[in-house]
Amino acid sequence: MKARFLKIGFVLLFLFSVFYEVKASDCYRYHTRLETSVKVEKDKVFLVNIIKDSNGISVVSYGKKLLEGVSPKDARFVSINGDYTIVADAYFYYVFPDSEVIFEKYKSTKIIENKKVTKVMDGNLFLISGVWHYLDFNIYSNEFKFVPIPEFPVNPAVLASGYRSNDGYFYIMKDDKKVYSYRVDQKKMQDYPDLNPKTTQIFKEDETKFFLYDEDTFYLVDFPVFTDVTAQFRKQDFDGNFNNLKVRQIWLGHCLDFGNEGGIWFYSLTSLKGIGDVYFVASKAEFKPESKLFFYKDRAYLNYRNELDVSEVKYKEKLKQVFEDVYSDGENNYELRLGMNSDAKLALNPSLQNIDFEKFVFYKNQGLYSYQGQPAFWADGKNLFYWERENKTKKNISPYKSKIKDLKLAFAFDDKILIEKKIIKNIGDFATMEFVGSSVEVVSPCDGNGKSSVKVNYVYYFRDKNALYLYKSGQEGLKKLNVANPKEYTEENFLEKIFGKAFLT
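Those letters in the sequence shown? Residues 28 to 532, by this note's numbering.
No wet-lab data here; the hints were simulated from the structure. Misleading hints may appear alongside valid ones.
Unchecked claim - Distance ranges between label pairs, derived from CB positions: (1) Gly-96 with Met-216: 56 to 64 Å; (2) Asn-368 with Lys-315: 24 to 32 Å; (3) Gln-380 with Asp-255: 50 to 58 Å.
Note that the Cβ used here is the ideal one computed from N, Cα and C, for glycine as well.
Sequences are here, hints too, so could you generate the full structure?
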């Protein structure tokens, strides 16, 4: 029977962002993610755990565990909470401990009949007989109970949910009556009667920080702390509608743009004379979306604190941001230069002149997020090139004539492949070349408190109409693999047919 994946659930365990500043010991595992799913093969149910690289594609490890007692009928993954995994079939919900030792002892535990559950939210919340219940499960004793939460809204619209260390899982939600927050660890429900659920909106600043507001009330949320900052706006003479705002992504942060109704408000904790500490500061500046800059009279600003010297810009009214540190006014191109004392300037750069960025094509794929990353690049019809921010220069990669083919973690053009910032010869057929999969070899898992570097190698697999090919970090070129039929190897069956197979490495 052909394997089939049923309602795959992904649990993304991002412990740090891909782009980070190392402040302590760094380890590769901090940047990996776990994907969990249920797979049915020949009427048997398996729990599949895949750990992937920060690029979201390359596989670090792959495990498949038989779930005895689970019916293949409507078998599905429900959730994972760090100690156990919840799986369901057409008849029951089950708990499987993540610890191998405990799993061998208890195998699985039926926790409730499927027909008794109306809805499940994030795995640990079950709607039973019209009341939400929290699953309290002890993996060591294998004892559990469903704790009713009568105050939890029956049909909530979840505005945000997440997890915070020391505070556990949380929800921000609303129904037709109220806006609520709920802390799972404390089983604590809090409502916000000054927010109108019909008009309440939310903006996610990061995983635990939000702007929560309706027409006349504004909360800053750093969960579990909700700070009503409405009075701070009123003290600065704002009497408009918060629902009319646009949240703008700007340099090193966000701002609120109320247009003609209330202007620009910078998000910056500041002390104002006669008012005191405020989180948002009113400004008469005008935000220009094309340049992502603020203009007030004849001055330009990156944000609330950083004035930008635009004295060299010829046509300020036509200024556009090309990418993070390059701007254009239609005639000249400028680089953003940042000084040591928070001063900033747009300056002419000779290497950027006579370049029409609007005619260029920008390329990037998931290879950008690998440890051995393939940076984003530009194509101008004749050459591929990088913009090197450190040196503020345009660096050519290679001339090209063919189309540029995206191979997910690499790019193919002419008779070449661009991979890990290196050009190798493509010995395959360009027209039929496809990406098949990638695995990771961890050479040095941690940096030894800054004394060494995290090091990982990647193995990439490609195929064309003729063969299956391999490339490994540091090699000079593709290696042709001895397989009878390359068409048998696909991205869909990579884990079963290639991953972990010694003869294919």
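- Item | Those earlier numbered hints the structure runs against, lowest number first | Violated hint: only 1; rest satisfied.
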